[in-house]
Each structure stands twice: as C-alpha cells, then as structure tokens.
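Line order of the protein sequences matches chains A and B. The working numbering applies: residue 3 is where the first sequence begins, and numbers increase by one. The working numbering applies: residue 3 is where the second sequence begins, and numbers increase by one.
Some clues are possibly wrong.
On the chain B side, residues computed to face chain A include the following (Cβ under 10 Å) [unchecked claim]: (1) 8; (2) 175; (3) 337; (4) 341; (5) 342; (6) 437; (7) 441.
Here are some chain B residues pointing at chain A (derived, C-beta under 7 Å) [claimed, not checked]: (8) 310; (9) 346; (10) 422; (11) 442; (12) 444; (13) 445; (14) 447; (15) 448; (16) 484.
FYI, nobody ran anything at the bench for these hints, they're computed from the structure. Predicted model only: the values in this text are computed from it and were never measured. C-beta: ideal position from N, C-alpha, C; glycine also.
The lines below spell out each chain.
2 protein chains.
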Amino acid sequence: MDKTVEKWGMFEASFEGPKEGNPFLEVDFKAIFKHENSLIEINGFYDGDGIYKIRFMPDILGHWTFITKSNVQLLNGKTGDFECIKPSENNHGPVRVKDEFHFEYADGKPHYSFGTTCYAWIHQSMELQEKTLKTLKESPFNKLRMCVFPKHYDYNHNEPLLYPFEGSLDNGFDFTKFNTKFFSHLEKRILDLQILGIECDLILFHPYDRWGFSNMGAENDDRYLKYIVSRLSAFRNIWWALANEYDIFFDPITKIPTKSLDDWDRFFHIIQRNDPYKHLRSIHNCRKFYDHGKPWVTHCSIQRVDTFRTSENTDIWRELYKKPIVIDECAYEGNINHGWGNITGQEMTRRFWEGVVRGGYVGHGETYVHPYDILWWSHGGELHGTSPERIGFLRKIVEAAPGPINPISKLATEHYPYWDVTCGAVGEDYYLYYFGFYQPTFRTFNMPKDKKYKIDIIDTWNMTITELQGTYSGSFRIDMPGKQYIAVRMTRVD
Amino acid sequence: MDKTVEKWGMFEASFEGPKEGNPFLEVDFKAIFKHENSLIEINGFYDGDGIYKIRFMPDILGHWTFITKSNVQLLNGKTGDFECIKPSENNHGPVRVKDEFHFEYADGKPHYSFGTTCYAWIHQSMELQEKTLKTLKESPFNKLRMCVFPKHYDYNHNEPLLYPFEGSLDNGFDFTKFNTKFFSHLEKRILDLQILGIECDLILFHPYDRWGFSNMGAENDDRYLKYIVSRLSAFRNIWWALANEYDIFFDPITKIPTKSLDDWDRFFHIIQRNDPYKHLRSIHNCRKFYDHGKPWVTHCSIQRVDTFRTSENTDIWRELYKKPIVIDECAYEGNINHGWGNITGQEMTRRFWEGVVRGGYVGHGETYVHPYDILWWSHGGELHGTSPERIGFLRKIVEAAPGPINPISKLATEHYPYWDVTCGAVGEDYYLYYFGFYQPTFRTFNMPKDKKYKIDIIDTWNMTITELQGTYSGSFRIDMPGKQYIAVRMTRVD
C-alpha cells in the first residue's frame with residue numbers, strides 16, 4: 003500500500019479474500035475514499051488468486067483515508083490512508099473537454115489531440131509490442147486507439163497471446179471469468195503509453211471477432227464493462243471508446259444486429275455510473291453516426307462517411323453536435339487493397355490540415371503492405387509513411403498558436419470573404435489559412451485596418467516556414483509559391 | 003442563293019428591303035420552307051444596309067422550296083428552292099440528347115462531350131483569335147463555351163473590337179439596333195469552330211458587364227434573343243447556353259437582382275419558339291442550381307457548388323434530373339489567386355475521370371498567370387497546362403468503349419460491391435473502374451462467372467495502357483501499380 007501518491011497518480015491497495023466459487027460473480031467489493039468532507043465511492047475488483055484490489059486516482063492534494071465495503075466479511079471495513087502529493091513534471095492529469103470544442107489536461111495544459119491507431123498491438127508478440135512503443139516514443143502522436151479484444155479481420159488472423167476471459171478458441175470462453183493475466187498485461191501497456199505522454203483511447207467492443215467477444219449477451223457485456231471500468235478508470239490516460247464501428251455488429255449467420263442503440267446507450271450509462279473520474283466517452287461509427295448529441299457522449303469520434311469530403315466536414319459537425327470533433331478514421335496512409343487503407347501521405351497530411359484548421363482533431367493510421375503482414379494500423383511495429391513527420395510539424399504549429407484554433411464562419415466576418423480557403427483563427431490575434439490542393443501564385447487578403455500582423459508562408463509538405471518582411475494591415479496582396487499544400491499564418495504583432 | 007445545300011448545312015438567301023426607320027423593330031420577315039408535305043416556318047433577320055436574310059438548315063434530302071412572308075410588300079412572297087444533298091464526311095448534324103444521359107449527332111454518331119472554355123475569345127485581337135483556333139485544332143476538345151457579350155471581370159478589362167449593339171461605352175448603346183458587323187464576326191467564329199468539329203456552347207447572357215448588356219430590360223432582352231436565335235440557329239454546331247452564373251445578375255448599385263427565375267423561364271420559351279431545330283438548351287449556375295428538371299432544359303450545365311465534391315456528384319445529379327450532366331466548370335487548371343482557377347493538371351484530370359466514369363461529361367478551362375494576362379479561360383491563346391493531353395487520352399478511351407458509359411449503382415449489382423471505387427460500365431460488356439487518389443498495390447474483383455474479360459491497367463496520368471495476360475472470370479485478384487490515378491478496364495471477350 004503506497005503511502006504517498008501523486009495527484010492524478012494511482013493509489014492501489016490489495017486484500018486477501020475468498021477464492022472459492024466465482025468471485026467475479028459473487029463478491030462485491032468497494033471502498034469509500036475521504037478527503038476532508040469529500041467522499042467518493044470507488045469500485046474494487048477481483049484480481050484472481052484470492053486477491054482483491056482497489057484503485058484510486060486522487061485529484062486533491064493532502065490526506066486521504068478509505069474504508070472498504072463488501073458482502074464478504076473478510077473484505078469489509080478495511081481501512082487505510084495515503085498522502086496525495088504534487089504531480090510530477092509530466093503528469094498533467096486526465097484530459098477533459100475545454101471550451102466546447104477542445105481538450106485540456108486537468109492541470110489546464112491544452113491537449114491538442116494528434117492520435118494514431120494500432121488496434122490490436124497488445125495482441126501481437128512481445129517483441130513487436132516493444133517495437134511499437136519504441137516507434138510511438140519517436141512519433142508525434144499523443145493518443146492511441148487500441149482494442150481490448152483481439153481482432154479477426156483482413157490481415158489479422160493470428161491468435162492473441164492472452165484472452166480476456168478464461169477458455170480457448172476451441173473450447174469456448176467462460177464470460178463470467180476474467181483472465182486477470184490479460185488485464186495485467188493491458189494495464190502494463192496503458193501505463194507504458196502514459197509514460198510516453200500518450201492517451202489510451204481504449205475500444206471496449208468491436209465487431210471483428212471469431213471468439214465470441216462481440217456477442218456475449220447483455221448480462222456478460224454489462225459485467226465486462228463494470229469490471230474493466232473498475233480496473234482501469236484510475237489510469238489518468240484512459241479514454242473510453244465504446245466501440246469501433248458500433249453499427250456493424252451482426253450475427254454472422256442470421257445477419258441480425260446483435261447490439262441495438264438501446265444497448266449502446268446502456269453501455270454509456272454503465273460507464274458513467276462506474277467511472278468516478280468521468281473520463282472521456284465516445285463511440286465510433288462505420289456507416290452511420292451514433293447521435294453524438296446525446297449527453298453522455300463527451301466528444302465525437304468519427305469515421306468519415308463520404309469518401310471525398312472527410313475532414314472538410316469538421317466545422318459542419320462542430321455546429322451539429324457542439325462538441326469536440328475527433329476524426330479518428332479519415333482513411334489510412336498506405337497501399338493495401340481497401341479504399342480506407344490506401345491514401346498517400348500527402349492526402350493524409352491534407353486531411354489533417356483541413357480538420358485542424360476547422361477546429362477539430364484528426365487521427366492517423368497506416369496500412370502499407372508488408373512481407374509479414376505487419377501493418378501499423380492493427381499490429382503496430384514500425385511506421386513507413388510520409389505523413390507522421392508532417393503531422394509532427396503541424397502539431398508544433400498548433401502548439402505554438404496562442405490558443406485553440408476555431409474555424410472562421412464563412413459568413414460571420416468581413417475578414418473571411420474567402421469561400422475557397424479554409425481558415426481558422428484564435429480571436430483576432432492569429433489566423434491560419436490553408437490552401438489545400440490549390441496552387442495560387444498570389445493572393446489578396448482583407449484584414450482589420452487597425453491591427454498589424456506578421457505573415458508566415460508555411461509549406462505544410464516540405465515543412466518550411468518563411469516569414470514575409472514587414473507587417474500587414476487592411477487589404478494587401480502577397481506572393482505565394484504556386485504550389486499545393488501551402489498555409490498562410492498571420493500573427494498579430496501590435 | 004445556293005442551289006445545293008448539304009443536309010444539316012446552311013441554306014441562305016438575301017433580299018433587299020427598306021433601310022428607313024429602324025428595320026430591327028419595324029420589319030417582320032420570315033419564310034415557309036417546304037419539302038413534300040413538310041412545312042417549316044423560319045425567321046429571317048435584318049442584316050443592315052437594307053439587306054434581309056433567311057437561313058435554313060435542312061434535315062431531309064431532296065428538293066426544298068420556300069416562300070417569304072413579311073409586313074413589307076417588297077419582302078413578301080419571294081420564292082426560291084434548293085436541293086438538299088448528302089452531308090460531307092465531317093458533317094454529322096446537330097447534337098441531340100441520346101438515351102436520357104448522353105448525346106449523339108443527328109446522323110447517330112455518338113457525341114462524347116469534352117469541352118473547354120474561352121469566354122471572351124471573340125472579343126480579343128484578331129491575331130489572338132487566330133491563335134486560339136490553332137490551339138483548338140491541336141486540342142482534344144469538341145465543345146467550346148463562349149460568350150456573345152464582352153466580359154468585364156478580373157483579368158478582363160480590354161474593350162472588345164466590336165459591340166453587339168450600336169453605340170459606345172462613353173455614349174451608351176441603342177439596344178434596338180444590332181451591330182450586324184459584330185454578328186457577322188460571331189458567325190465567322192462559329193463556322194471556324196464547326197470546321198474544327200467543335201460545338202459552340204454559346205452563352206447568351208452573363209453578369210460580368212460594364213456596358214449594360216446584362217441589364218437591358220425585358221423588352222430588349224427578348225428582342226435580342228429572338229434576333230440571335232433567328233440568325234444562328236441554322237448553324238448545326240450551336241448549343242444555347244442561356245447564362246453563365248444566372249443567379250448573380252445584380253444591379254451594381256442597389257444590389258437588387260435584375261433577372262428573376264420567371265425571366266429565365268421566359269428566355270427558354272423564346273428560344274424554344276424561335277429555334278425550329280431544337281438545339282440543346284442549358285443554363286449555368288454560380289451558387290445555386292436552376293431547376294434542371296424543367297422540361298425546356300435539355301441537359302444540366304453545372305458549376306460545382308461544393309469545392310471538395312465536384313464531379314464526384316455526377317451520378318447523384320443524373321438521378322436527380324434524369325438528363326445528361328455536363329459539368330462545365332469543375333474549377334480551372336491554373337495558378338491564379340482565385341480558388342476556381344488554381345487547381346493542378348492532376349486534379350483537373352482526376353475530376354474529368356470521376357465525372358466520365360460516373361456517366362457524365364466534364365469541361366476544361368485554364369487560368370495560368372501570364373505576363374500579358376492572356377488566360378485561356380477567357381482570352382484563348384495558348385494552352386500551358388498538363389491536363390489537356392490527359393483529357394485527350396481519356397477521350398480516346400471513351401470513344402473506344404462499346405457505347406456510352408453509365409455508372410454502376412453501388413447497390414444494384416453483386417458486381418459492384420466496391421464502395422471505394424468509381425465504376426462505369428456498358429452493359430455487361432465493359433467495365434471501367436477508376437481509383438482516383440487511392441494507390442492500391444492489389445485488388446480483388448468479383449465478376450460474372452460465366453463471362454470472360456480481358457483487363458487493361460490504365461495509368462491515367464502517364465497515359466499508358468497495360469494489358470494483363472490471360473482472361474478473367476468470377477472472383478480474382480490482380481496486382482496494381484500502387485500509384486494514384488489508375489483505372490482498370492475490363493472488356494468482355496467471350
């Protein structure tokens with residue numbers, strides 16, 4: 003039992019209890035944590051071998067005590083305490099929604115989400131998992147989409163190292179008995195990401211399945227959710243992604259949908275009830291959006307539904323849902339057979355810029371053919387594409403802005419009379435114009451007459467920033483490179 | 003007076019009549035043409051200097067006679083005749099709608115429209131006009147969008163050589179008096195195009211104006227329309243384009259719209275009444291489509307209204323209007339300041355392919371900056387871009403198909419389970435798959451088991467066609483180049 007714990011760190015306490023029967027079903031275990039007059043009830047969980055654990059992420063400095071509650075006498079009324087101390091340098095707390103459309107860490111540091119995707123990386127060889135972490139460390143990404151369950155799909159046919167339930171593919175699984183080794187491994191990986199400053203966007207259900215995990219029945223689904231939320235919510239870098247492609251869960255034989263909208267709503271409620279920290283919650287579509295306007299959805303996790311207009315819809319979706327827009331799948335850079343996995347690095351970079359300048363966040367993924375079918379998108383490993391470096395360049399630009407970028411409504415202001423240019427801004431202090439596939443050799447702008455701006459020409463593909471001489475006000479013309487993928491940044495200097 | 007005239011050629015007869023007063027207002031002049039039991043009434047027109055003309059495009063071989071009718075005794079009851087003979091080799095007659103979505107010449111030859119745009123070319127120097135014709139001759143284009151009236155707009159500030167009305171910019175124009183020299187010149191250019199096998203998509207009104215021609219009032223508008231239709235409809239290569247950007251005709255001071263939808267409807271009716279040959283009729287939008295479903299519209303002349311989805315909407319518009327789709331402005335290849343005029347040759351070529359494979363027709367234009375502001379889009383001159391050559395390559399592919407290409411509905415057939423690929427076909431004999439910006443290294447297809455196809459891999463950018471060995475049936479996989487802008491052509495061989 004730790005005696006000091008960082009703010010937004012994890013306090014953990016273990017207790018011995020019964021091994022008999024099925025403790026996952028039979029034993030209730032929780033604790034009340036107390037700081038001065040604040041009380042929080044926290045679920046514990048059974049970790050196998052007669053060990054029961056309670057985890058807690060404190061968010062107030064100072065002295066905390068707790069007392070356990072259980073239907074088993076041995077686990078009831080246990081007490082303890084710890085001291086919550088200041089967070090260490092790289093601990094900014096969990097990510098929350100900020101100003102309707104953006105994110106920040108609990109300590110107030112902005113979180114500009116630059117995510118990538120390795121759906122089944124924790125189900126690959128340990129060597130490959132280590133390689134994935136090494137790649138992530140060098141990458142520009144600060145969020146990772148990944149699945150709890152193993153994946154059965156094109157390019158994904160290997161058996162996982164560990165299953166989340168007891169049993170096997172041949173003999174079936176006992177959905178009432180969690181495989182605690184699996185969860186320990188998952189937790190290790192979440193912590194590995196946390197150390198790298200990467201948010202874990204954890205996908206709780208997905209339809210690509212040969213083991214039965216996508217269709218366990220409501221009772222097992224609900225128990226699984228309560229269990230995983232009880233185990234993981236004290237990890238500050240957890241985001242709950244209810245599903246990948248929630249709308250294509252079908253019985254493989256009857257083709258009848260196996261999860262209804264009511265099921266997904268209920269899952270959200272289970273997470274809300276069992277996660278005292280209110281981590282971010284989202285749900286990702288295939289063909290049709292879930293109604294992201296529902297109050298339990300904290301942000302939109304979007305797969306593009308139009309193959310031509312992808313992140314170009316960011317500002318429309320912002321208006322529609324009034325929540326942060328995270329386009330977790332705008333297609334992947336690569337060259338496989340599927341249209342979702344064979345766009346160029348230039349097109350991926352362009353989609354990032356379109357989304358970011360419109361006040362949203364875009365996710366990366368990579369699917370280049372590989373001699374051993376190791377594709378970053380699902381397996382992790384190494385990155386081969388040309389977009390990550392450019393995404394890193396964009397991330398630096400975004401982080402250097404004076405605040406989160408919001409789109410300029412095409413009708414709202416005389417300073418956005420540009421139907422053909424994507425424009426984001428931070429108040430009147432900062433404007434970012436993105437020209438995408440256009441290649442103008444010059445451009446006229448109409449800025450406020452009473453303010454002065456310095457101007458940078460940004461080549462988003464070649465990653466250069468060229469400052470123009472002088473300062474600019476009112477109407478003026480500037481020369482431009484006559485190339486694609488150029489942005490113009492105007493920063494107020496008066 | 004000609005004694006023999008080709009079928010779809012032009013018969014012309016001239017008569018002397020009054021010069022006094024204003025013959026444009028005061029003299030009615032027409033003729034009844036007769037072939038066996040067929041009678042057709044044809045408008046004549048005043049050509050200045052006391053000369054009255056009647057033009058007629060016969061569409062039946064054999065002996066024709068005519069008799070004139072006029073409110074002036076001198077011009078009434080004149081008779082004549084001619085022999086309509088077989089058309090010469092390159093005379094296929096006027097273009098008509100064929101099979102709901104396509105075009106053909108009157109002799110049954112398909113017209114696959116590959117248009118370009120030189121709005122104000124007839125208003126430039128004679129030297130430049132000759133250069134334009136020379137360029138067109140070497141180009142792949144078989145339709146030209148061009149305006150009757152001179153153009154006042156960015157990059158368009160020169161005075162024209164001739165005005166369509168008597169008067170001047172300084173002293174104003176008399177809209178009741180046509181400048182017949184202007185019309186003779188226009189006719190010469192229409193004939194020049196005809197000789198090159200180019201349809202003249204003639205724009206009758208446009209809003210870019212400093213002379214007053216866009217706002218002459220209903221009476222003058224209507225007289226102008228009747229006059230120009232009477233003069234020009236015997237040219238077999240005329241298409242009537244009622245307007246460029248019909249929806250942005252505004253009074254420059256009051257900003258009140260100067261032409262209502264009723265006006266545009268009436269203009270269509272005037273053309274219908276006065277053009278006995280029923281040449282193609284369309285109207286081109288800026289921000290908002292005219293209702294192309296109206297019965298007097300023969301085909302949709304479209305400017306894209308979404309900067310990201312342009313010709314990708316072709317199949318949707320086909321379903322909506324059930325008429326041929328001609329995307330006359332999908333943006334122009336170039337590098338000027340405006341977003342409508344600075345896409346790359348690759349993007350232009352991509353838009354052509356997207357539109358054509360979806361069963362439509364796309365128009366070209368070019369706007370590269372030029373030391374003397376000579377931009378193909380408006381002035382003609384020379385082409386500088388990279389798309390025309392590729393458009394020519396596409397045209398050859400389209401002409402080599404066994405018939406007009408129609409899109410394969412994504413839901414209609416088991417042989418189009420490809421949400422991510424644009425596919426057109428000619429029955430089950432021919433399939434054309436276009437991969438656009440995707441770069442797959444391989445692909446699986448599902449074709450009918452009982453039919454055999456040969457397969458060509460077409461690099462639409464590098465203009466190569468590579469036939470795969472053997473023939474293909476049922477489900478199979480093929481390797482692909484892993485590059486953008488690839489098409490796959492399957493041609494039935496059994």
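Hints the structure fails to honour: When the structure is compared with the hints, numbers 1, 2, 14 and 15 turn out to be violated.
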